[in-house]
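Chains as they are written, first to last, in the working numbering: chain A, 1 to 930; chain B, 1 to 255.
Please keep in mind that the hints were generated in silico from the structure rather than gathered at the bench. You may find that some hints are simply not true.
[Said to hold, decoys possible] Under the rule of at most 25 Å between Cα atoms (straight-line distance), these lysine to any residue pairs were calculated in the SDA-like manner:
1) A/K140 with A/K114
2) A/K897 with B/D171
3) A/K895 with B/I68
4) A/K246 with A/L221
5) B/K44 with A/D900
6) B/K44 with B/T9
7) A/K875 with B/G84
8) B/K44 with A/P83
9) A/K897 with B/S42
10) B/K13 with B/S79
11) A/K561 with A/E641
12) A/K236 with A/E641
13) A/K743 with A/T795
14) A/K743 with A/D815
15) B/K226 with A/Q928
16) A/K875 with B/G170
17) B/K125 with A/T925
18) A/K889 with B/K44
19) B/K180 with B/T165
20) A/K895 with B/V72
21) B/K44 with A/D911
22) A/K114 with A/K318
23) B/K226 with A/K691
24) A/K875 with B/E176
25) A/K612 with A/E641
26) A/K875 with B/S207
27) A/K803 with B/S207
28) B/K146 with A/L921
29) B/K44 with A/G907
30) B/K13 with B/V72
31) A/K318 with A/E334
32) A/K751 with A/T925
33) B/K142 with B/T219
34) B/K211 with B/S42
35) B/K211 with A/K140
36) A/K820 with B/G173
37) A/K561 with A/I258
38) B/K44 with A/A802
39) A/K895 with B/G161
40) B/K102 with B/F137
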Amino acid sequence: MKDKRPTDDQQASLEDFFGSDEEEEPEIVEPPQEVPPESSSNEQSIDENESTENDSDVDDEEIPPDDTEEMVTEIQVGERETPSNLPPSYLLSVDYAGAQRKAFARLYNPNDKKIYFWFDNTGHKPYCYTDYPPDVAETKIGRHRGFVRSERVELTDLLRDEPVKMTKIIASDPLSIGGSAGAIRERLVDRSGATNVSHAWEANIRYRNCYTYDTNIVSGLPYKIEDGNLIPSAPKLDKKMLDEFKSTFEADEDLEKIITEYAPMFFTEVPDIRRIALDIEVYTPVKNRIPDARTAPYQVTAIGLSDNEGYNKCFVLKRPEIKEGKKGADYPKEMELVYFEDEKAMLIEAFRIIDAYPIVLTFVGDAFDLQYLHNRAEKLGVNMNRHCPIYLARDLALLQRGIHVDLYRFLKNPSIRLYALSGAYEQFNLESIAKGLLGVGKLDLSDDISALNYFELAHYCWRDANLTLRLTTFDDNLLLRLIVLLMRVSRLSMEDVTRLYISSWIQSLFRQEHRSQKYIIPRRIDIDSSKSVEAQTEAMIKDKSFKGAIVIDPVAGVHFKATVLDFASLYPTIMKQHNISYETIDCPHESCQMDPDNRVPETDHWVCTERKGMISQTIGFFRDTRVKWFKPKSKDKALDEQTQEWYGVVEKALKVFVNAAYGVTGAQHFELFCMPAAESVTAYGRNAIIKTKEKAEEMGVRVLYGDTDSVFLDNPSEEQQKELVRWSTEELGIDLEVEKTYKYVALSDRKKNYIGVYESGYVEVKGLSGKKRNTPDFVQDAFREMLDVLSKVDTVEGFEAAKEEIREIVNSVIDRLEGKAEAYTPEELAFRVQITKRIGDYGLSKPQHVRAAEMLQKAGYDVPPGTIVEYIKIKGGDGLLPVQMAGEKSYWLDKDKYLDTLRSVFGQVLDSVGINFEELLGFTTLDQFF
Amino acid sequence: MFHATLDSTSTWKQIVDALATLLTEVHFIVSKSGIILRQLDSSKAAMVDLVLPAKIFQEYDCDGNYDICLGVDELNKISKRMAGDDRLEFRLDEDDNRFEIKMIGQAQRQFKLQLLTAPDERTKKPSLEFDAKAEMFADAFKQAVKDIGVVSSHLRIAASGKTLTFTGEGDTGEAEVSMKAAGDESVIFHLEVSAKPTAMYALNYLSEIAKAMSTDSLTLQFSENKPMLLEFPIAEIGSISFILAPRVERDRRST
Chain A
1 MKDKRPTDDQ QASLEDFFGS DEEEEPEIVE PPQEVPPESS SNEQSIDENE
51 STENDSDVDD EEIPPDDTEE MVTEIQVGER ETPSNLPPSY LLSVDYAGAQ
101 RKAFARLYNP NDKKIYFWFD NTGHKPYCYT DYPPDVAETK IGRHRGFVRS
151 ERVELTDLLR DEPVKMTKII ASDPLSIGGS AGAIRERLVD RSGATNVSHA
201 WEANIRYRNC YTYDTNIVSG LPYKIEDGNL IPSAPKLDKK MLDEFKSTFE
251 ADEDLEKIIT EYAPMFFTEV PDIRRIALDI EVYTPVKNRI PDARTAPYQV
301 TAIGLSDNEG YNKCFVLKRP EIKEGKKGAD YPKEMELVYF EDEKAMLIEA
351 FRIIDAYPIV LTFVGDAFDL QYLHNRAEKL GVNMNRHCPI YLARDLALLQ
401 RGIHVDLYRF LKNPSIRLYA LSGAYEQFNL ESIAKGLLGV GKLDLSDDIS
451 ALNYFELAHY CWRDANLTLR LTTFDDNLLL RLIVLLMRVS RLSMEDVTRL
501 YISSWIQSLF RQEHRSQKYI IPRRIDIDSS KSVEAQTEAM IKDKSFKGAI
551 VIDPVAGVHF KATVLDFASL YPTIMKQHNI SYETIDCPHE SCQMDPDNRV
601 PETDHWVCTE RKGMISQTIG FFRDTRVKWF KPKSKDKALD EQTQEWYGVV
651 EKALKVFVNA AYGVTGAQHF ELFCMPAAES VTAYGRNAII KTKEKAEEMG
701 VRVLYGDTDS VFLDNPSEEQ QKELVRWSTE ELGIDLEVEK TYKYVALSDR
751 KKNYIGVYES GYVEVKGLSG KKRNTPDFVQ DAFREMLDVL SKVDTVEGFE
801 AAKEEIREIV NSVIDRLEGK AEAYTPEELA FRVQITKRIG DYGLSKPQHV
851 RAAEMLQKAG YDVPPGTIVE YIKIKGGDGL LPVQMAGEKS YWLDKDKYLD
901 TLRSVFGQVL DSVGINFEEL LGFTTLDQFF
Chain B
1 MFHATLDSTS TWKQIVDALA TLLTEVHFIV SKSGIILRQL DSSKAAMVDL
51 VLPAKIFQEY DCDGNYDICL GVDELNKISK RMAGDDRLEF RLDEDDNRFE
101 IKMIGQAQRQ FKLQLLTAPD ERTKKPSLEF DAKAEMFADA FKQAVKDIGV
151 VSSHLRIAAS GKTLTFTGEG DTGEAEVSMK AAGDESVIFH LEVSAKPTAM
201 YALNYLSEIA KAMSTDSLTL QFSENKPMLL EFPIAEIGSI SFILAPRVER
251 DRRST
């Protein structure tokens, strides 16, 4: 339907004569630089209750590009410890100190559990490259205050696979390169032509990363300081184990290098770093309103603190109107309640405590807790230099000494949620996350937070802090260890890795790779101009620019004993197998281009056989080591438990990278995005599925459905399954795995919509809206009941009995809707949708939830962006009513609207099992009577 | 060979209107004795049964058995072009696979419609027995349907003794219309009832059918929780019937 041309083929379209402007290439003025994306500034106002509605089906392509603006830390490290000798300590972050004009590192010494600082002593300076010869470059730069000198260097241009001479422009400080008006990189722009052409390379890398790459520092690994020098000191790896590890790969010189580089990262364990979690409560005169952290207008009433060594306190401010109250049932014995008469004194004491910790954990600390504490302290006239360890940057709250980890930002990261933690939680509030990961929730409150008595307030506040801490301690410090591993692989500091997304991690990893090999990092314009930017395949989905994965049309109906075979990490395997990387696709070698074996299916692209692709090699290595070593070994009972657990963490970290490899590199905004590479990966993917389907059919097995990397087979025998798996390894070079056999699968005629029932009775629901969060609870509950019934069906005949049970479920729902049985509460009936903008910012045609928000606002409720609006559908008036207002007036439920919702949710499933929803409602058909 | 003429365009329009309420394609079965059509709507909740004996037509020649399958939209559009005093002429062009409709009036106009592929199976005539049979003014039935539609999306009909009752209930209230088959003023001419049947039907079907009714009287038959039959005469000796599946009360249904 995307093509809205007249249906008559003979009719020409005017577009044919004018030329379509759809695909017009944007004028590229400059390479993508440090333009802060709009999105990041919004996060300030997002509160804990943000729903995941918009992120429900995040695929990695939609991860927003990360902010790359240069930022200079005005850190006061004068009084900090900068020893000239330090035993092996874990490097937690690399940063730049404005005052000293030097990079510095924070190191955690596990012996005394303190943070130590090390300042650069190599004289490393910020720089960028240009293709202007030094004299031209210097003329262009003119008298820039930050310019130090230029020098000629030779690098390798991977796009052309040849050496290239560049001029290195060295500056005194990072802001001189980029990040201030009139910076050097701005001066390296040729403005003489019709369009401006930038002649700056690698000018948009933050200096702290630039320093890390050049010095080959790996954050998260141990370093020692000896006579003022920073020296890697990862523990010696067991030779036997390392040899065994190496032997799992085919001998290869390049691989040897990669293994040497990564082995310390993968095999060095992570200590239980000393850390404290903090949570605050703030008085608010308006119920449900979260006070603005920027202005910090109200008193901080409580500060909960909980560390990993048994320190548990809650500071509580004495207020005249508040009583001590009674201790709740599970009031924590381990917590000490400390009263303060003076708010200022309370803040200063809290600052003193947290300043002593290497890591401070919060949940939404960037946008709220730490920001509020900082701004409140300032407002109360606290001597900030002397007492406050917090400093604020845009959307960030950082610490002078330690590292602030805002777990909200880290756990919101889709890679962490979906891949590392297997989607254990769906909403990004502490309640859901703690329930999902720890199995416990927040404390239920008896009153408004501002009116709570001291015991309950302290209990509530401390519990939040304690839950925050426990998020990093459960499963033997899983999350802490994961963070450190991700730091190592992505070469990012702890502050960065916990706040940035996978695309930045992968970008950082490859920037490091280029730097260490003396390859120039190409700019998007370089890749686009040396390879085609036009896709050769046509997108089948709107808004995509090239052809994606294949979906085999489902054979609608119920199929017993359907077996699903899938390709294990198909895209990463293809990238590795076919050597697909930005520099190896459509490579400059004529011999590669001429060899028909190198041709990519469905396209004119070819792959390189002269050189190994950087992306394919690294991702391929991650994939292989995960599959061949860490995954099996994490379950290997022959190993001690600690090693098994550690391998489990490494396996998860690798999974994150491997799963995202294609999503990131195949996304348009990625630094090394290359159209031919992206479309070649999907082309090979389609090829694999099509070939598998052909092979299965040749063997006499019917293919019921297929999507991207899996095929559903109609009751294949063991031998047939084995034969296909063997065939795939031999013919395609991709591992095909028997993923599961369903008791039955009910396919609807729409793609990506089915239920699969396992022998165990577990029901897998794909793409059906019964699971969507904005579906009212009563529908979700009924939907679950229905699945429960369907899960018990064992034979075709069984559906008849199931039908009657489902009829009962539907009947009782309708009875309750009609008021014939216990009526549903407004909460059970509520549709929940988040408003993402201010109400005034919505256009004239307002969707329902916005109209509900408007009604709330008129009734005196505060409805900031991020609020999840809950409303019910009623007859008359506006057709809806916010749940909060449902108690105030009488109304008629709009039963038909609710039936529509029920119908759309149930219909999707019932159709595929041959049950007519209308019939459940009492509609009959004539054929029953003839 | 099939050829027929009809003097009354209003009869033809009446037929097309009635068919258009339920169907998107019409499937006429033409034989020596006349034209019949029997089809279920797409949801199988309703059937239309049309009988047009050859005698309705002024001229009627048919030497065999033909399936004439046409799109309702097209047929409707052509009907709208007919003038009141036109004489109609129908012909099947087997060679070109066309159905020809000629309107002979001040000008002679001819439309040719391409035949659609006929379904493989013909719908069988259902055998139904009814507990209640009412002959009544069509208008009284139309008003009752409209009345119940104010509050409800379905109509319950009950017959008992000399009374026919239509009721409906919705979320916001109830409605009831009752008619007695007694006296000269009665809107019901004749009522036969055995037992005391009640049944419920979807109102959206009834409204559509009521709208398409253009006769003065109709026959209504139904049984307890069984289909309803509504029958109208066409050109005295022809007839058109609608059969409607009941809506079974959810909680009365045996489980």
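Here is how each hint holds up against the structure:
Under the criterion of a C-alpha separation no larger than 25 Å, the hint pairing A/K140 with A/K114 is inconsistent with the structure, at around 47 Å. Under the criterion of a C-alpha separation no larger than 25 Å, the hint pairing A/K897 with B/D171 is consistent with the structure, at around 12 Å. Of the supplied pair hints, the one linking A/K895 and B/I68 is violated, its CA atoms being roughly 43 Å apart against a limit of 25 Å. In summary, the hint linking A/K246 to A/L221 is supported, as the alpha carbons are separated by about 21 Å, within the 25 Å threshold.
Pair hint B/K44 plus A/D900 holds up; C-alpha atoms about 21 Å apart against a cutoff of 25 Å. Using a Cα cut-off of 25 Å, the hinted pair B/K44 and B/T9 is violated, with the two alpha carbons roughly 30 Å apart. Simply put, A/K875 and B/G84 have alpha-carbon atoms about 45 Å apart, too far for the 25 Å limit, and the pair is violated. Of the pairs offered as hints, the one joining B/K44 and A/P83 is violated, with about 87 Å between alpha carbons and a cut-off of 25 Å exceeded.
Pair hint A/K897 plus B/S42 holds up; C-alpha atoms about 24 Å apart against a cutoff of 25 Å. Distance hint between B/K13 and B/S79 is fulfilled; the C-alpha atoms sit about 6 Å from each other, no more than 25 Å. For the suggested pair A/K561 and A/E641, the alpha carbons sit about 37 Å apart, so the restraint of at most 25 Å is broken. For a cut-off of 25 Å, the pair hint linking A/K236 to A/E641 stands: about 21 Å separates their Cα positions.
Using a Cα cut-off of 25 Å, the hinted pair A/K743 and A/T795 holds, with the two alpha carbons roughly 9 Å apart. Distance hint between A/K743 and A/D815 is unfulfilled; the C-alpha atoms sit about 33 Å from each other, more than 25 Å. For the given pair, B/K226 sits about 10 Å from A/Q928 by alpha-carbon distance, which is consistent with the 25 Å threshold. For the suggested pair A/K875 and B/G170, the alpha carbons sit about 12 Å apart, so the restraint of at most 25 Å is met.
The suggested pairing of B/K125 with A/T925 holds, with an alpha-carbon distance near 15 Å, which does not exceed 25 Å. Under the criterion of a C-alpha separation no larger than 25 Å, the hint pairing A/K889 with B/K44 is inconsistent with the structure, at around 43 Å. For a cut-off of 25 Å, the pair hint linking B/K180 to B/T165 stands: about 9 Å separates their Cα positions. A threshold of 25 Å between alpha carbons decides the hint, and for A/K895 with B/V72 the separation of about 34 Å lies outside it, so the pair is violated.
The straight-line distance between the Cα atoms of B/K44 and A/D911 is roughly 16 Å, inside the 25 Å bound, and the hint therefore holds. Among the hinted pairs, A/K114 with A/K318 is inconsistent with the structure: their alpha-carbon atoms are about 33 Å apart, more than 25 Å. Distance check on the hinted pair: B/K226 and A/K691 sit about 54 Å apart at the alpha-carbon level, beyond 25 Å; violated. A hinted pair counts as satisfied when its Cα atoms are at most 25 Å apart, and A/K875 with B/E176 qualifies at roughly 22 Å.
Restraint check: the Cα-Cα separation between A/K612 and A/E641 comes to about 37 Å, which exceeds 25 Å; the hinted pair is violated. The hinted pair formed by A/K875 and B/S207 meets the criterion: a straight-line CA distance of about 22 Å does not exceed 25 Å. Restraint check for A/K803 and B/S207: not satisfied, since their Cα atoms lie roughly 31 Å apart, outside the 25 Å limit. Annotation: proposed proximity of B/K146 to A/L921 holds, straight-line Cα distance about 23 Å (limit 25 Å).
Between B/K44 and A/G907, the direct Cα distance comes to roughly 18 Å. Compliance with the 25 Å bound is thereby established for this hinted pair. With a CA separation close to 12 Å, the supplied pair B/K13 and B/V72 stays within the 25 Å bound. Distance check on the hinted pair: A/K318 and A/E334 sit about 21 Å apart at the alpha-carbon level, within 25 Å; holds. For a cut-off of 25 Å, the pair hint linking A/K751 to A/T925 is broken: about 29 Å separates their Cα positions.
This hinted pair checks out: B/K142 and B/T219 have alpha carbons roughly 13 Å apart, not beyond 25 Å. Restraint check for B/K211 and B/S42: satisfied, since their Cα atoms lie roughly 20 Å apart, inside the 25 Å limit. This hinted pair does not check out: B/K211 and A/K140 have alpha carbons roughly 84 Å apart, beyond 25 Å. Note on A/K820 and B/G173: the hinted pairing holds, with a Cα-Cα distance of about 14 Å set against a maximum of 25 Å.
A threshold of 25 Å between alpha carbons decides the hint, and for A/K561 with A/I258 the separation of about 44 Å lies outside it, so the pair is violated. For the hint pairing B/K44 with A/A802, the CA-to-CA distance comes to about 23 Å; that is within 25 Å, so the pair holds. Of the supplied pair hints, the one linking A/K895 and B/G161 is violated, its CA atoms being roughly 36 Å apart against a limit of 25 Å. For a cut-off of 25 Å, the pair hint linking B/K102 to B/F137 is broken: about 34 Å separates their Cα positions.
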